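Going down the list, the sequences are from chains A and B. Using the numbering used here, the first residue of the first sequence is number 1, and each one after it goes up by one. Using the numbering used here, the first residue of the second sequence is number 1001, and each one after it goes up by one.
Keep in mind that the hints were calculated from the coordinates and are not lab data. Any given hint might turn out to be false.
Said to hold, decoys possible - Straight-line C-alpha distance at most 27 Å; calculated BS3-like pairs for lysine-lysine:
1. A:Lys38 / A:Lys7
2. A:Lys38 / A:Lys115
3. A:Lys7 / A:Lys115
4. A:Lys115 / B:Lys1265
5. B:Lys1286 / B:Lys1265
6. A:Lys115 / B:Lys1286
Computed from a predicted structure; not experimentally measured.
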Amino acid sequence: MAVPILKQSHYLIATIQAALTDADLVELRDALVARVGKFRSRGVIVDVTALDVLDSFASRTLRDIACMIRLRGAETVIVGIQPEVAFTMVQMGITLEDVPTVLDLEEGLAHLERKSRH
Amino acid sequence: MKTDSSKSNLPDKSHATIELLRELVAHLRQHRTELREEWARRITEAKLLTAMSKDEIFAEATSVYDNYVEALETGTFEALQAYARNLSERIIPRGVQTDEVVGIVLLLRDVLARSLFAKYQTDFNLLNRILDAYEPAANRIANTVAVGFVQERERIIRQQQEAIRELSTPVLPVRERLLILPIIGVIDPQRARQLTEQLLRGIRANRARVVVIDITGVAAIDSHVANHLVQTVEASRLLGATVIVTGLSPEIAQTLVNIGVDLGKMNTVGDLQGGIEEAERLLGYKVAPIQDSAHQVVVAS
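This is chain A alone, in the form it adopts within the complex:
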């Protein structure tokens, strides 16, 4: 299932709506990295509110996305991790070290605003 990527002024918003296969995740990564250049976006928001599990591959892909987007000159923020998901991830040792994460979409937009103002 493809993930829709919306353009909202300077930002790209990818809302994951159902559990993704590994191939879907790779496709999402490639699409984001390509579009961030095409639209000259300043930031990318990946919304995972609908996910009730984030396995190690998904987490690694999210981290890869963040690193690649940074190399392309933009910021990434992950939004909407559920409390249970967060705790399970931490227990498995997945902490998404250097990826900014915030509560929800609204916070994500505010976070990117702050970042791009600096």
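Once you've looked at the hints, dock chain B against the given chain A.
Only chain B this time, still in chain A's reference frame:
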């Protein structure tokens, strides 16, 4: 005698036992008053049930005695069990200990056995058979009462633990987007887990951006709980909230360093006040005294 009692003529033997128990019960009924008094006297003498007055002991002794005899007579223990539970419910809040309860039931067993010795001392054979019938029943009764007491106590303990757990983890919003989680008392793994769940849910519900966890009231911490704390901090970060831990006692600080917990990612501030100030700074609040009251302070000094 011994060979006689171990004969495998079961129905006959149990029939004989029932006969003997009936005789026994009649004896106990007949001497109810003096045996009961003797028992109450020995309870006081042994300094058991010190939390209760003499009259209370006698009243309880009477009903225990009657239930005891009834259990001997009917051979069913449900009524006694229910009574034991009911009694435990009444005496546990008064600080009666397990050894006291076991002690008084054993005393009753001994008092009754003595009276049997006295009654049948002329006929050793009959005494032996009476005791054969009496002892298993008496032991089973003692067992039932003691187990009932312990079970009741465990039930109360479980209930209290539950209550403490419910009470002990308040997640308090103090300003918009700022939560405080004061932790008091011992943190066991189960409580740690519940704490984390409540905190993460609180972060979501209050849209918190900063959380102050105050552990001033925690006396000690082990590696398991310390790791859990670190995990809580990381999980909160995944929800977009920064955690500030305050009130680490010198002992806890030493423990954490000794067991080598990685606190690099943890924001720690000395006390709760400092933690709230830091949180306000992170949130962009600035707390300033109102001009007038500042003026008053100057005037007053």
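Hint check against the structure, violated hint numbers in rising order: Result: no hint breaks.
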